[in-house]
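Using the hints provided, position chain B relative to the given structure of chain A.
There are 2 protein chains.
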Amino acid sequence: MNIHPAAENRHAPAALLDALAARFAERFSLNAAQREAHGRDESWHIPAAPDGVFYPECTEEVAEAVKLCRAHKTPIIAFGAGTSLEGQVAAPSGGISFDFSRMNRVLAVNAEDLDVRVGAGVTRKQLNEELRDKGLFFPVDPGANATLGGMAATRASGTNAVRYGTMRENVLSLKAVTAAGEVIETGGRARKSAAGYDMTHLLIGSEGTLGLITELSLKLYGVPEAMAAAVCAFADIEGAVASVIETIQCGLPVARIEILDALQVRACNAYSKLSLPEQPMLFLEFHGSAKSVEEQAAEFGEIASAHGGSGFDWAVKAEDRNRLWEARHNAYYAARALAPGKNGMVTDVCVPISQLARCIRETRADLDASSILAPLVGHVGDGNFHTIMLIDPDDAGEVAEAKRLHDRMVTRALALGGTSTGEHGIGSGKQAFLAEEHGDTLPLMRAVKQALDPENLLNPGKLAGI
Amino acid sequence: MNIHPAAENRHAPAALLDALAARFAERFSLNAAQREAHGRDESWHIPAAPDGVFYPECTEEVAEAVKLCRAHKTPIIAFGAGTSLEGQVAAPSGGISFDFSRMNRVLAVNAEDLDVRVGAGVTRKQLNEELRDKGLFFPVDPGANATLGGMAATRASGTNAVRYGTMRENVLSLKAVTAAGEVIETGGRARKSAAGYDMTHLLIGSEGTLGLITELSLKLYGVPEAMAAAVCAFADIEGAVASVIETIQCGLPVARIEILDALQVRACNAYSKLSLPEQPMLFLEFHGSAKSVEEQAAEFGEIASAHGGSGFDWAVKAEDRNRLWEARHNAYYAARALAPGKNGMVTDVCVPISQLARCIRETRADLDASSILAPLVGHVGDGNFHTIMLIDPDDAGEVAEAKRLHDRMVTRALALGGTSTGEHGIGSGKQAFLAEEHGDTLPLMRAVKQALDPENLLNPGKLAGI
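Which chain is which? The protein sequence lines are A and B, in order. Take the first sequence: its position 346, counting from 1, is numbered 346 in full-length UniProt numbering, and each next residue is one higher. Take the second sequence: its position 55, counting from 1, is numbered 55 in full-length UniProt numbering, and each next residue is one higher.
So here's chain A without its partners, still in its complex pose (with noise of 0.2 Å):
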């Protein structure tokens, strides 16, 4: 196991950990196990224990540590469910990790104005089940049963963001608790505002590197009356994703559409007991009334046909849906069922819709010359798509050959006027490209941070840097 460099150099101090242990008992830990568990996160990355780690309860226990960290100069690292991506919850300094699963009450659900309060630690799966018997549902899904706390701190989004937008359009407020210990409401519950700065948006994306989010409030949306599922095989992914592009130019309001190439297919068959062909595919939902919807599959399969999609198929029993979603949901652990052992080292590139099919082809070409075996799958509605690159992160042939890979995407989406992430963030993993894609909002980036945590205790070396 990769042990971060940093991480035997810097301790909290005895008496911190003493302080917190005295406070907060069995909800202050510095058990080995639970340190481990919370340096690591989802992805490839060199994880780095944090010195102790503690559940609060509330925001104001929240604002009583920060007070006691900040008094200590330790640094603070918010974690919620641990699915991030790109080295996120790491402590490569040290410090306290703040485990929010305890704060995970659904606080207030306003049928009538179409929201919800919850803690942070809510998931995204808890707040959708205890939400159901009112006929509402949050959309953002980003595959994972990420907390909602740290979907706002990653401005996560997923399969239905084509549709209903991403953590940065449904989050209508933020209660957080500043690097100075103090608690705030970033908004309010009215939909719109123009009071002041967007301290709202300033959180969401910033990874608990301006401020821990102890509550949110979100939009809800109403349960469609009818939803269909789709799959849809192509001879070749050029078809599939020239199929996305058309559907999303004429305007037809799929809620999701997301690409699976052909190695991906086969992953998921594997890994979740399908078995579909072994083509590239997209699997595709419809919400509305139910002719809506009916309208809506009749005019994708028109489009698919077109483009030499073939066995097109929609289901609209819960089950088949159901299905078929948690296949998708589980293609990440799929792709890397395909090589036990090996790790996988995510890419996340964004680009308009325009240049989707290109940045696709060059990709896939670029993987297919390659040794390393890389599954492409992707929220194509949005221009978004990942592969899944198989690698033994101790081999470092493979680990360069990987990032040769990945630098010529990110290199290529920038061309593209696209981005270097879509959704899952900087973290570790993404900061020459944050600095490669903005570079000249950097500085201000940077004063933002010093401006608001000027003792870097807040997550400290990961997105900005500093």
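Per label pair, the in silico range of CB-to-CB distance:
| id | chain 1 | residue 1 | chain 2 | residue 2 | range |
| --- | --- | --- | --- | --- | --- |
| 1 | B | N456 | A | D407 | 35 to 45 Å |
| 2 | A | A298 | B | N456 | 57 to 67 Å |
| 3 | A | E182 | B | R408 | 22 to 32 Å |
| 4 | A | G301 | B | R408 | 49 to 59 Å |
| 5 | A | R23 | B | R446 | 27 to 37 Å |
| 6 | A | A306 | B | K125 | 32 to 42 Å |
| 7 | B | E436 | A | R105 | 27 to 37 Å |
| 8 | B | D313 | A | D313 | 40 to 50 Å |
| 9 | A | D392 | B | K125 | 52 to 62 Å |
| 10 | A | A33 | B | R446 | 41 to 51 Å |
| 11 | A | A298 | B | E436 | 49 to 59 Å |
| 12 | B | D440 | A | A432 | 31 to 41 Å |
| 13 | B | R408 | A | A33 | 52 to 62 Å |
| 14 | A | S275 | B | D440 | 51 to 61 Å |
In silico DSBU-like links for lysine-lysine, alpha-carbon gap of 35 Å or less:
| id | chain 1 | residue 1 | chain 2 | residue 2 |
| --- | --- | --- | --- | --- |
| 15 | A | K219 | B | K403 |
| 16 | B | K317 | B | K273 |
| 17 | B | K291 | A | K134 |
| 18 | A | K403 | A | K125 |
| 19 | B | K219 | A | K403 |
| 20 | B | K273 | B | K134 |
Keep in mind the hints are simulated off the structure, nothing from the lab. What you are looking at is a predicted structure, and each value in this text was computed from that prediction instead of being measured. Glycine included, C-beta positions come from ideal geometry on N, C-alpha and C.
Just chain B now, with coordinates in the frame of chain A:
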């Protein structure tokens, strides 16, 4: 004419005025009438003329002039069309007004990606005229023919926001000049990104206090196959509001749903030569397929009937729609024409939709009990409404009474979970309310301002009050 008390006390150094004149010739003006015109917006707030007006033609010129101003520690005030409503463009500490009217080119229409690149001085009407033959449109519509740069700077909104969102949801990226005179681009053309702090949203709504917006990438939408406008009169304002709430809560995707109280209808009839019944009314617009528009109109008709709506009628002809919306857009001017010689103190609260009926009812009762004439109008689908209090700014009694009513209205909106401004912003007019609404985040806002504009040269004194 009132002159802001501070305006006489500070002037830009002659050396700066000379340098700007030498460099930009006739595009830098010291003309008194131009200065005076650039120190006022459409509000009742006390105007304050800048020391000079600069008309840049490109971003590089903006950067150059910012560096000159900075060298002379002179304030810089961005000016779009001067249609702001909270004193945003006044120069109470003197300085140079940067008028973006010459940066008025549509730079690139990317129809395939449904986005457009514009200079900050392009107005919303100009953009939509240039898009007309492409079957695309930009939806954000604050009524006034504001510039898109100004609309982004004030986080503008308006009649279409209930369906298409505000500037917050419709800007993909901004080119801006920082206080240091550096040129930045805050985003890209990808539909989503998780790359670093959200500098785009930090600039949206910052009212020229964090940077000068020079270009924008905006989302576009396909012109709907069919559009229909409708009007519906109600016996009382409660019935109109109840219809709005039910329309939103049942998910009917209205494109516009606007309230006008009886007094505002009287004003519009007189100003726009209409003959609407002088009762509370809703103005609506439906977008979609011909069939969907028909269904939406029918569904709304049922809701309205149940709440005492009458005379519900809908118009699909473009000329009839335009006449109606022209009248709605001129509501502010129509209101002011009710009391020639008076000015309008415009209010702008926004509450969760479940609180809208109570907020409007109590506000209208307050106004009815006062001597001040004040029509009520609003984008009620968002929970956002305005009163236009017709006062003589030189009559201390009227000003005091209007302020009392305004205070009560904002306090009420905040108590109901709303905001002190849905779309007009803070400027100099709402600073006390910003402190009331966001007292906890105000220190962070000020820290951000200090970090990005350490010498306090960008629209000083506005928004966060530094």
